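Q: Chains as they are written, first to last, in my numbering: chain A, 1 to 271; chain B, 1 to 86.
Keep in mind the hints are simulated off the structure, nothing from the lab.
Take these hints with a grain of salt, some might be off.
Unchecked claim - Pair by pair, the computed Cβ-Cβ distance ranges are:
hint : chain 1 : residue 1 : chain 2 : residue 2 : range
1    : B       : Ser70     : A       : Gly31     : 31 to 39 Å
2    : A       : Ser202    : B       : Val39     : 20 to 28 Å
3    : B       : Asp35     : A       : Gln65     : 43 to 51 Å
4    : A       : Gln65     : B       : Ile48     : 46 to 54 Å
5    : A       : Thr98     : B       : Val54     : 40 to 48 Å
6    : B       : Glu27     : A       : Leu254    : 42 to 50 Å
Unchecked claim - Listed below are the simulated SDA-like cross-link pairs for lysine to any residue, each with C-alpha atoms no more than 25 Å apart in a straight line:
hint : chain 1 : residue 1 : chain 2 : residue 2
7    : A       : Lys11     : B       : Val59
8    : A       : Lys112    : A       : Tyr134
9    : A       : Lys11     : B       : Val39
10   : A       : Lys11     : B       : Leu45
11   : A       : Lys3      : A       : Gln72
12   : A       : Lys32     : A       : Ala107
13   : A       : Lys11     : B       : Gln21
14   : A       : Lys165    : B       : Lys50
15   : A       : Lys11     : B       : Lys50
16   : B       : Lys50     : B       : Val37
17   : A       : Lys165    : B       : Val22
18   : A       : Lys165    : B       : Arg28
19   : A       : Lys78     : A       : Arg185
20   : A       : Lys3      : B       : Pro14
21   : A       : Lys11     : A       : Pro251
22   : A       : Lys11     : B       : Leu40
23   : A       : Lys165    : B       : Ser30
24   : A       : Lys11     : B       : Val22
25   : A       : Lys112    : A       : Ser147
26   : A       : Lys165    : B       : Asp18
27   : A       : Lys11     : A       : Gly157
28   : A       : Lys11     : B       : Asp18
29   : A       : Lys11     : A       : Lys112
30   : A       : Lys32     : A       : Leu48
31   : A       : Lys11     : B       : Thr71
32   : A       : Lys165    : B       : Arg31
33   : A       : Lys32     : A       : Pro251
34   : A       : Lys11     : B       : Val37
35   : A       : Lys112    : A       : Lys165
Keep in mind the model is a prediction, meaning the values are calculated, not measured.
Glycine included, every Cβ here is placed at the ideal spot set by N, Cα and C.
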Amino acid sequence: MGKVVVVTSGKGGVGKTTSTAALGAALAQTGKRVVLIDFDVGLRNLDLVLGAERRVVFDLINVTQGVAKLSQALIRDKRVDTLFLLPASQTRDKDALTDEGVESVIASLGDKFDYVLCDSPAGIERGAQLAMRYADEAVIVTNPEVSSVRDSDRIIGLLDSRTLKAERGESMPKHILLTRYDSARAARGEMLSIEDVLEILSTPLLGIIPESEGVLRSSNVGSPVTLNEPTNSAAKAYVDAARRLMGEDVPMVLPVDRRGLFDRLFGRRAA
Amino acid sequence: MSLMNLFKKRTSAPVARDRLQVLLAYERNSRSQPDLVAVLREEILAVITKHVQVEDDDVSVTMDRGQTVSTLEIDVTIRNPAMAAA
Numbered sequence: 001m002g003k004v005v006v007v008t009s010g011k012g013g014v015g016k017t018t019s020t021a022a023l024g025a026a027l028a029q030t031g032k033r034v035v036l037i038d039f040d041v042g043l044r045n046l047d048l049v050l051g052a053e054r055r056v057v058f059d060l061i062n063v064t065q066g067v068a069k070l071s072q073a074l075i076r077d078k079r080v081d082t083l084f085l086l087p088a089s090q091t092r093d094k095d096a097l098t099d100e101g102v103e104s105v106i107a108s109l110g111d112k113f114d115y116v117l118c119d120s121p122a123g124i125e126r127g128a129q130l131a132m133r134y135a136d137e138a139v140i141v142t143n144p145e146v147s148s149v150r151d152s153d154r155i156i157g158l159l160d161s162r163t164l165k166a167e168r169g170e171s172m173p174k175h176i177l178l179t180r181y182d183s184a185r186a187a188r189g190e191m192l193s194i195e196d197v198l199e200i201l202s203t204p205l206l207g208i209i210p211e212s213e214g215v216l217r218s219s220n221v222g223s224p225v226t227l228n229e230p231t232n233s234a235a236k237a238y239v240d241a242a243r244r245l246m247g248e249d250v251p252m253v254l255p256v257d258r259r260g261l262f263d264r265l266f267g268r269r270a271a
Numbered sequence: 001m002s003l004m005n006l007f008k009k010r011t012s013a014p015v016a017r018d019r020l021q022v023l024l025a026y027e028r029n030s031r032s033q034p035d036l037v038a039v040l041r042e043e044i045l046a047v048i049t050k051h052v053q054v055e056d057d058d059v060s061v062t063m064d065r066g067q068t069v070s071t072l073e074i075d076v077t078i079r080n081p082a083m084a085a086a
């Protein structure tokens with residue numbers, strides 16, 4: 001039985017989808033069989049970030065309603081052959097997603113894959129609660145910024161009360177993935193430090209993803225940053241985070257982007 | 001304000017941290033409290049009424065959450081019918 005991991009945050013725009021794609025690709029590159037499920041019904045974007053938007057035929061709701069078989073809806077990544085996507089529905093009513101439907105899809109995927117990553121929609125409503133419901137572990141994507149930290153705290157409360165694990169009285173392992181971190185600004189006291197965020201949320205850290213231009217460049221071209229720019233600082237940080245998710249003991253270092261003399265003199269980076 | 005404070009640059013991150021700590025302590029408190037206390041109150045009332053005649057507003061349940069320990073206070077008023085009649 002594979003491990004079901006929800007990637008969640010409460011707040012929107014902090015990097016859930018980007019992180020799901022990057023972590024998923026990094027896990028799949030180690031040879032693990034990985035499936036990414038987009039739970040953002042009506043606002044799907046994981047397909048776009050993965051560059052699979054033109055290959056979507058069937059979606060999660062089609063599968064739960066029996067319109068399509070799971071094997072028909074799964075999209076295999078063209079770069080890493082152990083990485084798959086189960087897209088969200090773009091048009092249907094989001095109430096079409098049922099608790100039982102999600103449970104059965106996750107159960108069948110868990111039999112076939114080593115990792116099932118559930119990309120949660122923003123918010124704390126039904127969609128977000130369904131995405132976390134059957135998870136074995138949670139990755140909470142947090143920006144070092146007040147509203148993101150507050151919403152992460154709220155999501156931690158839901159993970160500890162509204163998931164199947166919580167209802168059975170088991171504890172849900174949770175990890176913070178701190179994204180868009182700028183160590184220079186944190187050092188100047190302009191940004192919450194890693195220690196501040198961890199102390200406030202009292203949850204262990206999975207990784208620190210530095211603010212990096214490579215992340216946008218990668219989503220522009222529809223490729224996870226770990227595949228598109230493997231030497232990029234954010235990509236390296238995602239690879240480390242993925243290894244920690246697999247249980248490896250990887251020291252927490254903050255990768256930085258190398259800047260050449262020309263870049264430093266003129267303050268611009270070649271894209 | 002001392003002269004040193006004039007030169008010490010005030011940074012915003014500690015302000016963010018302090019605001020969050022105060023806010024989240026309050027929010028965590030109010031998030032779990034109403035439901036739990038209401039449920040406890042209903043169940044306690046049900047158990048007591050099996051044995052003693054009490055009115056709905058004779059049972060008061062309050063939760064006081066602290067940093068390390070929380071206290072649950074249950075206050076039950078049992079009316080004495082003989083005294084009330086007198």
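Q: Give a verdict on every hint.
A: Now the hints, each set against the structure:
1. For B/Ser70 and A/Gly31, the Cβ-Cβ distance of about 48 Å falls outside the hinted range of 31 to 39 Å, so the restraint is violated.
2. Between A/Ser202 and B/Val39, the C-beta spacing of about 26 Å keeps the proposed range 20 to 28 Å intact.
3. The given range of 43 to 51 Å is broken by B/Asp35 and A/Gln65, whose C-beta atoms sit roughly 34 Å from each other.
4. Checked against the given bound of 46 to 54 Å, the beta carbons of A/Gln65 and B/Ile48, roughly 49 Å apart, stay inside it.
5. For A/Thr98 and B/Val54, the Cβ-Cβ distance of about 43 Å falls inside the hinted range of 40 to 48 Å, so the restraint holds.
6. Here the CB-CB span from B/Glu27 to A/Leu254 is close to 30 Å, at odds with the stated 42 to 50 Å.
7. Using a Cα cut-off of 25 Å, the hinted pair A/Lys11 and B/Val59 is violated, with the two alpha carbons roughly 40 Å apart.
8. Taken as a hint, the A/Lys112 and A/Tyr134 pair is honoured in the structure, with Cα atoms around 16 Å apart against an allowance of 25 Å.
9. Distance restraint check for A/Lys11 and B/Val39: the Cα-Cα separation of roughly 30 Å exceeds the 25 Å cut-off, and the hinted pair is therefore not satisfied.
10. Note on A/Lys11 and B/Leu45: the hinted pairing is violated, with a Cα-Cα distance of about 40 Å set against a maximum of 25 Å.
11. For the suggested pair A/Lys3 and A/Gln72, the alpha carbons sit about 22 Å apart, so the restraint of at most 25 Å is met.
12. A threshold of 25 Å between alpha carbons decides the hint, and for A/Lys32 with A/Ala107 the separation of about 18 Å falls inside it, so the pair holds.
13. Simply put, A/Lys11 and B/Gln21 have alpha-carbon atoms about 18 Å apart, close enough for the 25 Å limit, and the pair holds.
14. Between A/Lys165 and B/Lys50 the CA atoms are separated by roughly 34 Å; this puts the pair beyond 25 Å, and the hint is violated.
15. At roughly 47 Å between alpha-carbon atoms, A/Lys11 and B/Lys50 are farther apart than 25 Å, so this suggested pair is violated.
16. Restraint check: the Cα-Cα separation between B/Lys50 and B/Val37 comes to about 20 Å, which is no more than 25 Å; the hinted pair holds.
17. Restraint check for A/Lys165 and B/Val22: not satisfied, since their Cα atoms lie roughly 29 Å apart, outside the 25 Å limit.
18. Taking the CA atoms of A/Lys165 and B/Arg28, the gap is about 20 Å. The hint holds against a cut of 25 Å.
19. Distance restraint check for A/Lys78 and A/Arg185: the Cα-Cα separation of roughly 38 Å exceeds the 25 Å cut-off, and the hinted pair is therefore not satisfied.
20. This hinted pair does not check out: A/Lys3 and B/Pro14 have alpha carbons roughly 38 Å apart, beyond 25 Å.
21. Our distance criterion of 25 Å between C-alpha atoms is broken by A/Lys11 and A/Pro251, whose separation comes to about 28 Å.
22. About 32 Å separates the Cα atoms of A/Lys11 and B/Leu40, which puts this hinted pair outside 25 Å; it is violated.
23. A C-alpha spacing of about 23 Å is found between A/Lys165 and B/Ser30, which places the hinted pair at or below 25 Å, so the restraint holds.
24. For the hint pairing A/Lys11 with B/Val22, the CA-to-CA distance comes to about 20 Å; that is within 25 Å, so the pair holds.
25. Of the pairs offered as hints, the one joining A/Lys112 and A/Ser147 is violated, with about 38 Å between alpha carbons and a cut-off of 25 Å exceeded.
26. Restraint check for A/Lys165 and B/Asp18: not satisfied, since their Cα atoms lie roughly 32 Å apart, outside the 25 Å limit.
27. At roughly 14 Å between alpha-carbon atoms, A/Lys11 and A/Gly157 fall within 25 Å of each other, so this suggested pair holds.
28. Between A/Lys11 and B/Asp18 the alpha-carbon distance is near 20 Å, which keeps this suggested pair within the 25 Å criterion.
29. Taken as a hint, the A/Lys11 and A/Lys112 pair is broken in the structure, with Cα atoms around 31 Å apart against an allowance of 25 Å.
30. For a cut-off of 25 Å, the pair hint linking A/Lys32 to A/Leu48 stands: about 22 Å separates their Cα positions.
31. Simply put, A/Lys11 and B/Thr71 have alpha-carbon atoms about 33 Å apart, too far for the 25 Å limit, and the pair is violated.
32. Between A/Lys165 and B/Arg31, the direct Cα distance comes to roughly 20 Å. Compliance with the 25 Å bound is thereby established for this hinted pair.
33. With a CA separation close to 22 Å, the supplied pair A/Lys32 and A/Pro251 stays within the 25 Å bound.
34. A hinted pair counts as satisfied when its Cα atoms are at most 25 Å apart, and A/Lys11 with B/Val37 does not qualify at roughly 29 Å.
35. The hinted pair formed by A/Lys112 and A/Lys165 meets the criterion: a straight-line CA distance of about 21 Å does not exceed 25 Å.
Going down the numbered hints, you'll see the structure goes against 1, 3, 6, 7, 9, 10, 14, 15, 17, 19, 20, 21, 22, 25, 26, 29, 31, 34, while the others check out.
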